[in-house]
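Asks: What follows is each chain in one-letter form.
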Amino acid sequence: MPPALLALRGVCKRFGAVPALADVGFNLAAGEVLAILGPSGCGKTTLLRILAGFEAPDEGTVALDGRDILPVPPWRRPVNMMFQSYALFPHLTVERNVAFGLRQERLPRAEIAARVAEVLALVRLAGLERRMPHALSGGQRQRVALARALAKKPRLLLLDEPMAALDRRLREETQVELLALQRRLGIACILVTHDQAEAMALAHRIAVMEKGRIVQLGSPAEIYRRPANRFVASFVGDASLVAVRVLGQEGGMLAVVAAANDTLHLSVPASTAPALPPGGMGWLMLRPEAVQVAPASRTEDAGALAARITHASYAGALMHYRLALAEGIELRASRPAASGDAPPFAPGDAVRVSWPPGAAVLLAE
Amino acid sequence: MRRGLSAVNLCALALGLAFLYLPILVVIALSFNESRLVSVWGGFSLRWYGAVWQNEALLAAVWVSLRVAAFSATIALVLGTLAGLVLARAAQFRGRTMLAGLVYVPLVMPEVVTGLALLLLFVALEWERGALTITLAHATLSLGFVAVLVQSRMLSFDRALEEAALDLGATPFGAFFQVTLPAIWPAILSGWLLAFTLSLDDLVIASFTSGPGATTLPMRLYGQVRLGVSPEINVISTLLIGLAALALLVASLAQKLVRARTEAGAPMRD
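Residue numbers (my numbering), protein chains in the order written: chain A, 1 to 365; chain B, 1 to 270.
For reference, chain A alone in the conformation it holds in the complex (with noise of 0.2 Å):
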């Protein structure tokens, strides 16, 4: 294994008495992508200021290129950062912000008018040269704050919430062409940011943070399809979760019941549950869209189990129903709008609801 870009070791930091980050460690390869997602105060804007170099850490090491850059100050590390805000500089052309790095190397001017056209072509800004920043649109802007970073070419990009600024249909657009921009750079990011569908379409892999922890740390798939407890379950996509206590394994299936109906008895595979002993409380998680619902008449289904729909919504593509599976246990479905094997169901009726063996996921906490 090629050794890691960068390497964080138990990385601490306190502001007073709170921790901002505890024990945070992870490595990122060459070329990697990664992303930290968490809410809004979970300490991914301080572990993002440490690399950059604006806040040291109180314990820990962070090694770059297997070098400590903890000592560096951030205007020596081969580290590039584009701000949230963008802070493009607001008295210098698009031209003059993109070249403001090379500058500082004072590299010849001829080599700096190359390499600026290079990277403004690279972010499609090519003819913007002598625009100001104020008379950009948000996009433009935000091209404008990447090519800054990109001039330098740097070991590790930063993105401190890239698309946050940006309107939804312009979002979606930006992410395709950063990726595309990145894989072809193979430049190495880390990419905060608490909005779940930009860190599933950019990262090759993902950082759950809360309050100050990575709590897990996977590819998007892996987060999504095993979430190491019920914060990643739910602040990841969508899913239903059921308290259950576990009753003993049969086969290769672990038996749980649920904890607020002695009578609801469900299974979950037994490799990938957690190592809870009999009578131990877990969480049963299921992804809305592995749940298949059918009329209740149709009985040739001998796992399904009746539910009543409390709540239906069309979404388009999709509709998205709230079933009550028995007394005080909700689950949720998307089911495709249009398919044509049955006809939407309304609230009220009565259903029965099934899910293949390996879509229910077992979670400790």
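Just so you know, these hints were derived from the structure itself, not from any lab.
Among the hints, erroneous ones may be present.
What the hints assert, rightly or not - Reference excerpt, derived from the structure (chain A facing chain B, CB under 10 Å, subset only):
| id | residue |
| --- | --- |
| 1 | Ala52 |
| 2 | Phe54 |
| 3 | Leu70 |
| 4 | Tyr314 |
Every residue gets a Cβ at the ideal spot worked out from N, C-alpha and C, and that includes glycine.
Assemble chain B onto chain A, guided by the hints.
Replies: Same frame as chain A, but now just chain B:
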């Protein structure tokens, strides 16, 4: 709504402007008076402008005043800017409240007290009083004004801009001169002009801290008025008003220039 001014509004505006500027207009008009008697109009003349040019004592006072004002404003600019930056930036440090208090005290301290205190200090230090002591005294006075202006400008300055400069390889020094200063220099210039005017205008502190051979213009004028108002005083006053107006014009042009530069190019919407 009706555009333009009603008779009442017009009248109020005229009275207000007259209240503010009539005394000044009288001084300007009388500076062109032929007559030796200040209050009697003897026809238009530039005679007293010529006389001022010959009055070496008065010209010497003007020269002292301008020098003191320029030097004290420059000292106040450097120190006041530093104080303003620290007060706006450094989040919390020991004695922050005290520093803020100390910087602002000269703003509200009665000038007589400041003047007396400085006099006692200079006497205790056995410094010879003259242009230098007045300059230091005026810098002390106007430092606070510069600090207030710079601090309030810094509060609306986006810190991320400085961090972006550091991130792109600028040293803290480089970031200040390349990013922060271009954003706050109109405030610093306003501070300098304010300090300059305060110094030019000051009589009380200058009287306390001056010595033989360093008579500022306000001191000279005040001394002369006690002996009777001479038409030359009107001329000097008119010239001072012209200077102040020019300074104001420069300050507002500078602000406009900055705005025009940042707004060059056609604005575009998303």
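Asks: Given tyrosine 314(A) as an interface hint, is its Cβ closer than 10 Å to any Cβ of chain B?
Replies: Status violated, d = 30 Å.
Asks: Would you check whether phenylalanine 54(A) satisfies its interface hint, that is, whether its CB is within less than 10 Å of any CB in chain B?
Replies: 6 Å, holds
Asks: Given a cut of 10 Å on the nearest C-beta pair, is the interface hint for alanine 52(A) held or broken against chain B?
Replies: 6 Å, holds
Asks: With chain B as the partner, please determine if leucine 70(A) meets the hint condition of a C-beta pair closer than 10 Å.
Replies: With a closest approach of 16 Å, the leucine 70(A) hint is violated.
Comparing the model with each numbered hint stated earlier shows that hints 3 and 4 do not hold.
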